[in-house]
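Residue numbers (my numbering), protein chains in the order written: chain A, 1 to 515; chain B, 516 to 1030.
Rather than coming from a laboratory, the hints here were simulated on the basis of the structure. You may find that some hints are simply not true.
Lysine to any residue pairs mimicking SDA-like chemistry, simulated, CA-CA at most 25 angstroms apart [to be verified]: (1) B:727 x B:738; (2) B:957 x A:334; (3) B:799 x A:105; (4) A:284 x B:629; (5) B:976 x A:12; (6) A:442 x B:942; (7) A:461 x B:1002; (8) B:976 x A:105; (9) B:799 x A:103; (10) A:284 x B:623; (11) B:976 x A:171; (12) B:799 x A:165; (13) A:461 x B:686; (14) B:976 x A:39; (15) A:461 x B:629; (16) B:976 x A:17; (17) B:799 x A:110; (18) A:461 x B:738; (19) A:212 x A:250; (20) A:461 x B:998; (21) B:976 x A:165; (22) B:957 x B:1002.
Computed beta-carbon distance windows for the label pairs [to be verified]: (23) A:39 x B:1021: 51 to 57 angstroms; (24) A:133 x B:868: 56 to 62 angstroms; (25) B:975 x A:175: 30 to 36 angstroms; (26) A:463 x B:971: 56 to 62 angstroms; (27) B:1021 x A:470: 50 to 56 angstroms; (28) A:491 x B:868: 36 to 42 angstroms; (29) B:972 x A:491: 52 to 58 angstroms; (30) A:169 x B:704: 55 to 61 angstroms; (31) B:618 x A:370: 30 to 36 angstroms; (32) B:1008 x A:370: 22 to 28 angstroms; (33) A:457 x B:975: 55 to 61 angstroms.
Quick caveat: nothing in here was measured; it's all calculated off a predicted structure. We put the beta carbon where it would ideally sit given N, CA and C, even for glycine.
Protein chains: 2
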Amino acid sequence: MNGAESLVRTLVAAGVDVCFANPGTSEMHFVAALDDNPDMRCVLGLFEGVVTGAADGYARMAERPAATLLHLGPGLGNGLANLHNARRARSPMVNVVGEHATYHRQYDAPLTADVEGVARPMSHWVRTSRFAAEVARDGAEAVRAAMAPPGQIATLILPADTAWNPAPEGAAAPLPIPAPAPVQTDAVAAAAAALRSGEPAVLLMNGAALRKDNLARAGRIAAATGARLYSDTFAARVERGAGIVPVARLPYFAEQVEEALAGVRHMILVGTRPPVSFFAYPGKPSDLVPPGCEVHSLLSAEGDFAGALEALAEAVGAPAQGETAVSQRPQPARDGALDPQSIAQAIGAWMPEGAIVVDEAATSGFGLPAATAGCPPHDWLGLTGGSIGQGLPAAVGAAVACPDRKVLSLEADGSGMYTVQALWTMVREQLDVTVVIFSNRKYAILQVEFMRVGAHNPGPKAMSMLDLSNPELNWVQIAQGMGMEASRASTVAEFNTQIESALRHRGPRLIEAVI
Amino acid sequence: MNGAESLVRTLVAAGVDVCFANPGTSEMHFVAALDDNPDMRCVLGLFEGVVTGAADGYARMAERPAATLLHLGPGLGNGLANLHNARRARSPMVNVVGEHATYHRQYDAPLTADVEGVARPMSHWVRTSRFAAEVARDGAEAVRAAMAPPGQIATLILPADTAWNPAPEGAAAPLPIPAPAPVQTDAVAAAAAALRSGEPAVLLMNGAALRKDNLARAGRIAAATGARLYSDTFAARVERGAGIVPVARLPYFAEQVEEALAGVRHMILVGTRPPVSFFAYPGKPSDLVPPGCEVHSLLSAEGDFAGALEALAEAVGAPAQGETAVSQRPQPARDGALDPQSIAQAIGAWMPEGAIVVDEAATSGFGLPAATAGCPPHDWLGLTGGSIGQGLPAAVGAAVACPDRKVLSLEADGSGMYTVQALWTMVREQLDVTVVIFSNRKYAILQVEFMRVGAHNPGPKAMSMLDLSNPELNWVQIAQGMGMEASRASTVAEFNTQIESALRHRGPRLIEAVI
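Isolated chain A (complex conformation):
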């Protein structure tokens, strides 16, 4: 047995049995070890941003880490942006990054780079294995680090000789996973006192607070106290739909957040931090806590969500049940020119129970939450780190994690192009993903933001930096070029027909919605 084999066995023993991979020469022994182990599934991505984004989507749905396999510093570099999103999502992940053999580094061969330096900004835990005999232990510790509540990015750098040299037989035993931080009774008491004051209050929630059972607890608190429930603008995973306690999403733009929170006197943070502006704007505040509002942290992201919310519900004398979303679907629009609203209505009309929505629709997606609020229960996965190019890869990972559920990948055209290679993996793995491309041929958000930051009216050169219409992208051809069934919809009628069919049938399918 060599180091690579001991690592793969250790990962499988710890429940890490999917590896999203884009390997190179320095990873060939790890690839061979994957080959030997029937319990490890391998999924190839044609670009590393697909690999790390898929591992993120997988972790959000599977609630355990996937492994990634990446090639040296530059390969890891290609995966960094989606590691950033995963880090912000607090997704557990174990990156295995190949590296030159320990004795080979000194020669500074062309692919040599500071791999640890590349890893560190987007990883919670980084280690370079020193010896083949230690690789299994390093792997077990990487999984433990990844599983530390609520989830961490663990990056294990594997020099080629630690992969190919002999190692002790067998896997390292899985290590105990750290427990969440215990409930802080004083924090519960302070939050309860604030909520009992009768003054306007909100619960601002993220992480596991947005799962069905914890939303039920939050709903009971709301019913008892009149507090409103908000989630951060971008959340890793929200369970929502008919029968689930609904949570409003903080708007994207700072002035909308200010409007939403105006007059609030108590903000209870449930696994998150005080709201801030996504970007800074000249002369506008960054801190979006309303004036005169007291902030109380019920628990940090590392805490015991169920325990803290249950304790708070008891402390405020909450009823057995709060208000849940009513089952209702919008009527699809009849016909006419396609726009984001008619797309949202159609999705609301036909989205199946158990759907996993991967939302990177950007400006085109503002109508989606309302249109789907009364749909059967589903999950909503957001762009946690704000780095575009996450949606298509995350859809890959969610579909691998949940093969019996429909994944609906709602994608802005500008964002989709960053990691367009993900379409190929959807086809290769025959994943049940419906991709909708909102094809408006521009970086629409930047056309808005250009004004908002107080830059003058954009001239033709600036506009050309925000415009994707020359040449026009033909998403049907791009998708078909990667073997994907694809069609274009320019009218409501076309879109309705295509989305209904895509949502009713299994398999990878792309719809370019021209808006």
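Using the hints provided, position chain B relative to the given structure of chain A.
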């Protein structure tokens, strides 16, 4: 005038007048400043790897830096792999990376990351501007750092408030560029003595040694001493073709290098380091200097190439001229199934004078150097850092730098998919690039390397990690989806017709060569 405007003026004053860009909200003031300045050309890329790779290709041909515009830590992360290649090429480059406003960082908004930490592994010089008033000076210093011989990656991080706050009127004056390190007379003497010994000798060259005038000097040295001329396997830019002194390229695989250098007693390093194996392999050496060979460094990469080679030529009493490549073109193959050799012959038969070859053909490209050795003078750009996904972006940059020359982008299918978005920029800018995709539907190099590293016979799971045939990529559709004229060639006759036409006419064009 604000900080961003002062920076753009400073860049233009220092001769940096092309900006490859993929901006976001934090860069909107810089975009506005680009808009205001008619002397700065902006080229949009749909992914940051396109942006940094284009700046690399531009710098290799223009011999001065382009600016890049990137969005925060994740955007810079997406550009890292091609920064790695550019760093290895010693291409001058000025990256402008937007960052949150200085006062906004403390709030840890979703896109916040350690931008300097992301920059450092692939940059020679990193700075974060502190005040708008200092941005112009920082920009001037960034250009000076980029231009330090032979070229450096300078990364200037621009917090949004340093871009939008008022700054002193005007540009900062360009700073003097450091001179190359002076000729070391003792190194010249030692190299001359070694060459005069009559023992087998090679000059191993890189950097500016591979430009026509310095190759002429090296050719005179070879003529006087019998030394053989080699370049490193991957060089940023080689001038070659009829009338130019030819230089052999060190082979890729270690055992081929050993064979090429067997018996050599003196190795004169001309702006490079001793040859090493690209990767380590179990039981095989990393250091490829032959046993008993003395290594003499004539100059480092930072040195005065023309001065040192001229001094060495004089010291060995070199004649006025060495042997140059004879003008000759191969006959194109007649017909039959297409393979890398018949493609190489066709390219050799029709490649126009002044062509810029961007070579990322990987295993399919082994026959290209020989088939083109006697073509009219042309430039050859190699994959200096070994991180694939460099070719298509570098072709964009080379074409922007040299609008009157044909760029021939020779691209492996696996490599091409990493930064496929570059095709869109070729169309948008109507660049004169002919792309040839060597479509073998596999990571062929990895199928070779899997054996070479001593892993056992690959099973189906390992093979699936090295195989791109399920689904097959249709490059014609992918290219057409980005507005590019494209065609497929499966036979020699088809390829000959298509490549001849593409090389004779201007404009972006892709040929998928199915091999």
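(message) Check the hint pairing residue 727 of chain B with residue 738 of chain B against an upper bound of 25 angstroms on the C-alpha distance.
(response) Given that 25 angstroms is the threshold and the Cα spacing comes to 16 angstroms, the pair holds.
(message) Hinted pair, alpha-carbon criterion (25 angstroms max): residue 461 of chain A, residue 629 of chain B. Please report holds or violated.
(response) 30 angstroms, violated
(message) For the hint 55 to 61 angstroms, verify it against the beta carbon of residue 169 of chain A and that of residue 704 of chain B.
(response) Hint holds: Cβ distance 59 angstroms, inside 55 to 61 angstroms.
(message) For a C-alpha distance cap of 25 angstroms, please report whether residue 799 of chain B and residue 165 of chain A respect it.
(response) 14 angstroms, holds
(message) Check the hint pairing residue 461 of chain A with residue 998 of chain B against an upper bound of 25 angstroms on the C-alpha distance.
(response) 21 angstroms, holds
(request) Assess, step by step, whether the Cα of residue 976 of chain B is no farther than 25 angstroms from the Cα of residue 171 of chain A, and give holds or violated. (result) Roughly 21 angstroms separates the two Cα atoms, so the pair holds.
(message) Would the hint linking residue 976 of chain B and residue 17 of chain A be met if the CA-CA limit is 25 angstroms?
(response) 14 angstroms, holds
(message) Verify the CB-CB distance for residue 975 of chain B and residue 175 of chain A against the hinted window 30 to 36 angstroms.
(response) 32 angstroms, holds
(message) Check whether the Cα positions of residue 957 of chain B and residue 334 of chain A lie no farther apart than 25 angstroms.
(response) 47 angstroms, violated
(message) Between the beta carbons of residue 972 of chain B and residue 491 of chain A, is the distance compatible with 52 to 58 angstroms?
(response) 55 angstroms Cβ-Cβ, so the 52 to 58 angstroms window holds.
(request) Take a quick look at whether residue 799 of chain B and residue 105 of chain A sit within 25 angstroms of each other, Cα to Cα. (result) 15 angstroms, holds
(message) Against the 25 angstroms threshold, does the CA-CA distance of residue 976 of chain B and residue 12 of chain A hold or violate the hint?
(response) The hint holds at about 16 angstroms.
Violated hints, in rising order: 2, 7, 8, 15, 18, 27, 28, 32; the structure is consistent with all others.
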